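If you read the sequence shown in UniProt numbering, its first letter stands for residue 1, the second for the next number, and so on.
Hints in this document: simulated from the structure, not taken from any laboratory.
Watch out, some of these pointers could steer you wrong.
DSS-like mimics (lysine-lysine), calculated; alpha carbons at most 27 Å apart, straight line [what the hints assert, rightly or not]:
| id | residue 1 | residue 2 |
| --- | --- | --- |
| 1 | K82 | K133 |
| 2 | K124 | K284 |
| 3 | K200 | K159 |
| 4 | K159 | K92 |
| 5 | K284 | K133 |
| 6 | K394 | K370 |
| 7 | K343 | K200 |
| 8 | K82 | K176 |
| 9 | K237 | K176 |
| 10 | K133 | K176 |
| 11 | K237 | K205 |
| 12 | K343 | K370 |
| 13 | K82 | K159 |
Restraint ranges, calculated between C-beta atoms of paired labels, are given here [to be verified]:
| id | residue 1 | residue 2 | range |
| --- | --- | --- | --- |
| 14 | T331 | D433 | 49 to 57 Å |
| 15 | A274 | K343 | 47 to 55 Å |
| 16 | D441 | T293 | 36 to 44 Å |
| 17 | T107 | K394 | 32 to 40 Å |
| 18 | N295 | E318 | 19 to 27 Å |
| 19 | V502 | K306 | 44 to 52 Å |
| 20 | A438 | E244 | 56 to 64 Å |
| 21 | V502 | G296 | 48 to 56 Å |
Since this is a predicted model, take the numbers as computed values, not measurements.
Built from N, CA and C at the ideal position, the CB exists for glycine as well.
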Amino acid sequence: MFLKYRWKVVLLLSAFSLLVMGIVGYLIHFAIALVIVNKEVIPTRGMLYPRESETREVRSLDGLWNFVTSDEANPTQGVRDKWFNDDLSKVKDVIPMPVPASYNDITTDKAIRDHVGTVWYDRKFFVPRSWAKDQRVWLRFGSVHYEAFVWVNGEMVIKHEMGHLPFEAEVSNFVKYGEENRITVMCDNALIQTTVPQGKISEVKKDGGVAIVQSYTFDFFNYAGIHRSVHLYTTPKTFIEEVEVTSNLAEKSVGHIYYKVKVSGTASNEADSALQIHVQLYNKEGVVVANGTSNGDLNGALEVKKVKPWWPYLMHPEPGYLYQMELLLYTADNTLLDVYRLKVGIRTLTWNNSSFLINGRPVYFRGFGKHEDSDIRGKGLDLALLTRDMNLLKWIGANAYRTSHYPYSEESMQFADENGLMIIDECPSVDTDNYNQALLDKHKSSMEQLIHRDRNHPSVIMWSIANEPRTSPFQADSHFQFVANFTRSLDSTRPVTAAIAVPSASDRA
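The whole structure should be built from the sequences, with the hints applied where relevant.
Pasting the structure below:
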């Protein structure tokens with residue numbers, strides 16, 4: 001995580017600031033590495049979940065990867081010695097590590113469980129020759145905690161900071177088609193005062209030497225690793241990049257869906273205007289209930305008669321009703337370029353100081369704050385556990401949960417959509433106790449990434465911008481005003497909330 005500092009910034013930091021944030025020597029090691037690792041953090045925006053279609057292929061890279069830890073006393077060795085240029089097995093003894101999973105509890109080695117700093121993964125994969133023709137190839141991670149640096153065949157393709165959220169890179173020019181390729185990932189779990197969530201790194205004397213210790217104010221374990229699935233997928237050269245969907249009920253039997261589509265890969269604005277999006281909406285029986293075509297800005301609306309609204313669990317005999325939205329991208333001469341499909345629900349949210357309504361009916365929230373971790377896998381995606389959890393929620397009569405205290409997997413959002421479970425969607429800001437501009441920027445980035453990922457899910461009915469922050473300091477007032485207003489600017493269709501544990505008399509947020 002310390003790789004985020006530019007070398008000039010590191011040199012200008014005062015000794016006092018360095019001591020507050022962590023360890024002088026540790027930061028200096030990473031400052032050296034910046035000469036090699038000089039890729040900006042990529043803010044993830046608008047990524048569609050990878051789905052196969054007539055124009056797209058998806059391959060999973062989940063499975064057993066090779067894994068090594070860096071020496072805590074020499075955390076930049078792998079970067080300086082360019083471990084990414086060859087198989088990890090040629091520089092250290094590797095062990096198998098399942099992906100997706102946290103690495104902490106997979107072995108019986110306490111040093112791996114409590115490791116602070118960087119770890120490395122790699123694996124081999126093939127790319128079909130057929131993918132070389134008129135397509136783009138993308139590498140997508142569902143989540144790596146906390147910071148990830150990714151190389152393909154020795155070339156850095158992306159750097160991403162923020163656990164629990166997806167990121168991707170186009171690797172069309174980095175892969176070898178019809179040949180074996182290598183992907184290398186360096187993951188850093190260190191948390192400091194400018195990360196979301198916050199933490200602190202310190203040195204303690206141990207066994208005649210010095211050990212690196214991570215501390216944090218939140219009350220759950222800082223699991224780390226490649227936590228969610230890794231996919232390789234294709235799109236056409238010109239493709240549907242973003243889809244934003246909103247909806248409402250005009251009256252009891254009529255619903256509206258409003259869509260905005262962003263296309264990428266066109267040569268110019270003139271080329272954009274020559275494209276058209278044809279949208280079809282299917283009910284659960286596979287019958288088209290609405291359709292439309294948009295040219296130019298590729299935005300439009302659908303009217304659905306005899307609509308079946310999305311209802312929460314136990315509020316309707318058929319909760320979680322979803323339509324399938326099919327988007328077909330054409331050229332002006334009706335040549336099909338791309339096809340993407342997603343599930344959508346039609347519902348209206350309204351609220352005031354005393355009540356929250358869905359489709360005009362008051363909602364009583366019955367549910368829980370959860371966690372996404374489990375034995376052995378840690379925070380690794382576990383579909384069996386996810387399904388069991390959701391069934392238990394329904395069994396006990398719950399209709400909602402909060403993603404305490406970080407974004408949950410995209411698969412859990414999809415399950416909630418289909419089963420009518422309402423979600424208070426929370427960013428990773430938990431127990432914040434120190435406020436600064438760098439933290440504010442990353443806090444806002446976490447909300448932007450979260451909203452762009454989850455905005456199309458009807459189950460998401462509220463954004464939570466923090467859990468139990470220390471809101472007594474005077475800086476908390478402006479910090480949370482900025483974050484709340486920024487969140488509303490990205491999505492005005494849902495309320496914004498936070499879980500506050502400070503007495504109201506001293507709460508500045």
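Do the hints match the structure? See the list:
1. K82 to K133: 32 Å, violated
2. K124 to K284: 40 Å, violated
3. K200 to K159: 22 Å, holds
4. K159 to K92: Distance of about 23 Å is within 27 Å: holds.
5. K284 to K133: The given pair, whose Cα atoms are some 35 Å apart, is violated under the 27 Å limit.
6. K394 to K370: Holds, because 14 Å separates the two Cα atoms, which is no more than 27 Å.
7. K343 to K200: 41 Å, violated
8. K82 to K176: Measuring from Cα to Cα gives roughly 20 Å; hence the hint holds.
9. K237 to K176: 18 Å, holds
10. K133 to K176: 13 Å, holds
11. K237 to K205: Violated, because 56 Å separates the two Cα atoms, which is more than 27 Å.
12. K343 to K370: Distance of about 25 Å is within 27 Å: holds.
13. K82 to K159: 16 Å, holds
14. T331 to D433: 49 to 57 Å: At roughly 55 Å between Cβ atoms, D433 and T331 fall inside 49 to 57 Å, so the hint holds.
15. A274 to K343: 47 to 55 Å: 30 Å, violated
16. D441 to T293: 36 to 44 Å: 40 Å, holds
17. T107 to K394: 32 to 40 Å: 36 Å, holds
18. N295 to E318: 19 to 27 Å: Violated, since N295 and E318 (Cβ atoms, about 36 Å apart) do not stay within the stated range.
19. V502 to K306: 44 to 52 Å: 49 Å, holds
20. A438 to E244: 56 to 64 Å: Given a distance of about 29 Å, which is not inside 56 to 64 Å, the answer is violated.
21. V502 to G296: 48 to 56 Å: 50 Å, holds
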